[in-house]
Amino acid sequence: TPSQAKMFGDFTGGRQQLRQTVAEDLLFVVNRFAEDKAVVNRTSYQAMVRVLQEQCEVSEEKVEVKAKTGCHVMQNPSDPDAGYDGHKGPGHQAQIAETCSASNAVQLITGVEVEPADAQDRDALVPMLDPSARERVHGPSLWQRRQCSGCR
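For the sequence shown, UniProt numbering begins at 1 and goes up steadily by one.
No lab work stands behind these hints, which were simulated from the structure alone.
Quick caveat, the model's predicted, so the values are computed rather than measured.
Don't be surprised by glycine CBs; every beta carbon is placed ideally from N, CA and C.
Misleading hints may appear alongside valid ones.
As the list claims (entries may be wrong) - Label pairs and their in silico Cβ distance ranges:
#1 Ala34 <-> Val126: 39 to 47 Å
#2 Ser78 <-> Gly14: 21 to 29 Å
#3 Gly13 <-> Gly111: 43 to 51 Å
#4 Glu113 <-> Phe33: 31 to 39 Å
#5 Ser78 <-> Phe28: 21 to 29 Å
Stated by the list, open to error - Under the rule of at most 16 Å between Cα atoms (straight-line distance), these lysine to aspartate or glutamate pairs were calculated in the EDC-like manner:
#6 Lys66 <-> Glu54
#7 Lys68 <-> Asp85
#8 Lys88 <-> Asp121
#9 Lys88 <-> Asp118
#10 Lys68 <-> Glu57
#11 Lys88 <-> Glu115
#12 Lys62 <-> Asp25
#13 Lys62 <-> Glu24
#14 Lys68 <-> Glu54
#15 Lys66 <-> Glu24
Required output: the full structure, derived from the provided sequences and hints.
Below you can see the structure in the form of structure tokens.
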């Protein structure tokens, strides 16, 4: 694709070969800075280590890209909590609970849970019904609202 050509310059191999080359470069960088405390504490370095662990098999100084990684791997270093769903793609999803009674003139949203895209919908009901879940604040906290009101 055009974006690959721009990102990786003169690379002319196939996609799998490109992934292998990137994995080898990633292993080199991770190993190069593994003993540098100023580097290993950075989130960018930790993201590289995570990608290497989740998406590659490393043995001694050799690295091989895993054929299958599953849906619980880092999708984007700037959003490390995002998941991947085969239908929705990478990112997040929201579970929304609302009142639903024909006798109510107005239906209200009673809860919102944001979760990785790979979370199963079938697992969403019980947390919404959990009494402790009702105690959680959904949306800006009182402190955040006070902070914002001074900015107007």
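Okay, the hints, checked on the actual structure:
no. : hint                         : in the structure
1   : Ala34 <-> Val126: 39 to 47 Å : 42 Å, holds
2   : Ser78 <-> Gly14: 21 to 29 Å  : 27 Å, holds
3   : Gly13 <-> Gly111: 43 to 51 Å : 49 Å, holds
4   : Glu113 <-> Phe33: 31 to 39 Å : 37 Å, holds
5   : Ser78 <-> Phe28: 21 to 29 Å  : 23 Å, holds
6   : Lys66 <-> Glu54              : 8 Å, holds
7   : Lys68 <-> Asp85              : 14 Å, holds
8   : Lys88 <-> Asp121             : 13 Å, holds
9   : Lys88 <-> Asp118             : 9 Å, holds
10  : Lys68 <-> Glu57              : 11 Å, holds
11  : Lys88 <-> Glu115             : 13 Å, holds
12  : Lys62 <-> Asp25              : 11 Å, holds
13  : Lys62 <-> Glu24              : 8 Å, holds
14  : Lys68 <-> Glu54              : 10 Å, holds
15  : Lys66 <-> Glu24              : 13 Å, holds
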